[in-house]
Amino acid sequence: MRLTLNVWRQKGKDDAGGFVKYDVPDVSEHMSFLEMLDVLNQRLILKGEAPVAFDHDCREGICGMCGFMINGQAHGPLRGTTVCQLHMRHYKDGDELWLEPWRAAAFPVVRDLAVDRSAFDKIVAAGGYVSVSTGSAPDGNAIPVPKEIADRAMDAAACIGCGACVASCPNASASLFTGAKIAHLGFLPQGQPERERRALAMVAQMDLEQFGGCTLFGECQDACPKGISIDVIARMNRDYWLSALFSAPPSAGAAASG
Amino acid sequence: MQLDAKIPEGPIEKKWDSHRFHLKLVNPANKRKYTVLVVGTGLAGGSAAATLAELGYNVKSFCIQDSPRRAHSIAAQGGINAAKNYQNDGDSIYRLFYDTVKGGDYRAREANVYRLAQISVNIIDQCVAQGVPFAREYGGALANRSFGGAQVSRTFYARGQTGQQLLLGAYQALERQVQAGKVKMYPRTEMLDLVLIDGKARGIVTRNLVTGKMETHVGDAVVLATGGYGNTFFLSTNAKGSNATAIWRAHKRGALFANPCFTQIHPTCIPVSGDYQSKLTLMSESLRNDGRIWVPKKKGDTRSPDKIPDGERDYYLERRYPSFGNLVPRDVASRAAKAACDEGRGVGPSGLGVYLDFGDAIKRLGQRAIAERYGNLFDMYERITGDDPYKVPMRIYPAIHYTMGGLWVDYNLMSTIPGMYVLGEANFSDHGANRLGASALMQGLADGYFIIPYTIGDYLATTKLAKVEADHAAVKDAEKGVKARLDKLLAAKGSRTVDSFHRELGKLMWESCGMARNKKGLEENLSAIPALKEQFWKDVRVGGAGEEFNNELEKAGRVADYFELAELMCRDALHREESCGGHFREEHQTPDGEARRDDENFAYAAAWEWKGEGEKPELHKEPLQFNEVHLTQRSYK
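So the protein sequences, as listed, match chains A and B. So for the first sequence, this note's numbering puts the first residue at 1; every next one is plus one. So for the second sequence, this note's numbering puts the first residue at 1001; every next one is plus one.
FYI, nobody ran anything at the bench for these hints, they're computed from the structure. Heads up, a few of these hints could be off.
[Unchecked claim] Straight line, CA to CA, 30 Å or less: simulated DSSO-like cross-link-like pairs of lysine-lysine:
#, chain 1, residue 1, chain 2, residue 2
1, B, K1621, A, K11
2, B, K1621, B, K1024
3, B, K1533, A, K47
4, A, K226, B, K1024
[What the hints assert, rightly or not] Derived list of chain B stretches under chain A, where covered just means 3 residues or more per stretch with a C-beta under 8 Å from a C-beta of chain A:
#, stretch
5, 1018-1029
6, 1128-1139
7, 1268-1279
8, 1428-1442
9, 1549-1556
All residues carry an ideal CB built from backbone N, CA and C; glycine is no exception.
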């Protein structure tokens, strides 16, 4: 099939950027979307042009490195699928596609379709863990966890940190990402001692990184390739407000001193 | 060079304890005076960086991805082994040790493997305490499953995403130390050389992958945890970015490379669909528990599978291995698939595929039960191929998956370069010639959480380390070399892309140094690969500039290393005149086509020393002694 691609090209975060049109005349339906871009890039290189930059690594839908907008949808049209696992059989001859990077103040463009998501790491660093240094753990079975609880924790823990939730949110909120980690650890007995300060610290960091607030549009859960439910945001809000109302605020860096 | 594995004295179950007692300690107040450079943030590197920082060392952590959470450990599906014996089914540290040495076809070091089995139980405890959501029974206890042909249930898992959850546990521990100011994180940063001063590893030269700027980081010790070299083959189940550059540059600086020909091929991957194929996707081998593998009996039978009656199908694993059937180990299943396809009985458009058929299992158990067990894998298969495996059999073919070889390390995980440690898949230490399922995660975390934190202290406490300035001659020299190499790649301005060379190299390796090897093919490769390498340096087209975001330049540097590593792999495969584990030499097989080991002549780790560009590497042997495990020929008949 023959496709027309309009790809966002931007040299760096301070460059204005703009769409450039490419004709890809020989797309096989068995290719993945990224393989289609590989083919385009090989041609660009031989023509002496700069290849389209995009982030990717495992190409199995688990590392969370890939992701961009296709016709306004994060990771493209297929639900529960990262762009590396999206195959061209979902398109037809003559389609015209618009490829853009995640757009959010907190995710500056690195180049073309690649963005800087280090703000996510900072949210985790603020408190997205159980403070247990190596060697201090009790026996694994000393902490029983009911199966239903472990399953719900796992549902939230499945987040791959790709950023599709932020990109599809009209407010560019990171609430699904942050809520997923707060819910994962908040479900488990291991996560209880730090539950309050975790919510306070992670939410504060999320605001610092210039993510927008959540107004429950719900676009994030539709875009999430791992099907994480917006319920995690409710849990985050509950933990946050209970902590904000009933506990003393953590002193600066308290979450880190572990 | 005399290889000293530094295996502690004493009975095997006491070695690690007594070694830990004898290791010198660094005073808590002095730990903050030391800086350790940790390259790679997978299970091994992430856990090492976090733990060293917890102890008080200053850590600089480097990864090529945009975040330390993305390392390829994340893609491991099946699980992690531990000798907990929670199932009361007869497991023990000794049994896990024994299974691992035997599974590795008797080419691993006993003392290391025993320690790995000992530590396995601590790993589970640590990960549970971190909040890793392992699968649970209704009563709240940890669930286990059996895996990879083991006769006990010792595999812990978190759905089909065990690697992801363990990695996120290590990543979160790492981020906690970033927040505490003990770890400085360098994402999108690639190590391009090792700096040696007074013969010791004291720094690394890196390139910032966003700006292209080079930088040298100095420290008191260097830890490489950069994964395996499966991408030498171009097509593998590794992530696209996985590469061997860090270990290869260290090899060229003096670290011996052990058993490079020990590569693992996974039998159940989705076949190649076209020449644009960028990587291969693994389907968990748990599928073989219920799927039956077959090809048509007749050559060139192009009927659709449902039109081929049972009597005209060859369930070749069940036929050749009646007692293990479809559950034979990875290497055996892979070779049998290749044999069927070589006979012209392969299926699918390329003829390189075999059927994995769930028809009988669905009839027996119902579609719902199969969906419960394998639903996510079936969905993934359908997403990639467009076929519904509930209706038509899956098509699978083997693919490169893991590399058992790697930089040689002693019992302390130190390479032959003082002060440089190698962890996880990047080293050669624990899996011999074949790795068992669910053992890679175990080794990565054992090395990072529980071994390096002790052994590195002994080195730092007993070694005099002069202060190194950033403008030291050795630093300048290494930087100059790195820059010259990048400039040379950019200057070629040839007519072929990096990928086209890499694909060609991969094809040579897959054909002659893949599932089955012979003298003729390996010798041909030993002349074809250097020729291709020469052409690469003349005719590669990279484009762009050095000091900018330049993915092609990154790839070019890695592919340049693969040529040299591929040559060493072929040389090692040629010298090892036996078949063992993942290394199958066609000249060395039993009359019925099984691998034949030669313990008399090859019970050693082959450690190769780089002798310079265009020079033959020198082979050093570390003899393997088996005091505990009884050497037998593996049989799955």
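Right, here's what the structure says about each hint:
1. B:K1621 - A:K11: Answer violated: K1621 (chain B) to K11 (chain A) is near 51 Å, above 30 Å.
2. B:K1621 - B:K1024: holds, 29 Å
3. B:K1533 - A:K47: Status holds; Cα separation ~23 Å.
4. A:K226 - B:K1024: Outside the cut-off at roughly 47 Å; violated.
5. 1018-1029: violated (count 0)
6. 1128-1139: Since 11 is at least three, the answer is holds.
7. 1268-1279: holds (count 6)
8. 1428-1442: violated (count 0)
9. 1549-1556: Result for this restraint: holds, n = 3.
Hint compliance for this structure: hints 1, 4, 5, 8 are broken, all remaining hints hold.
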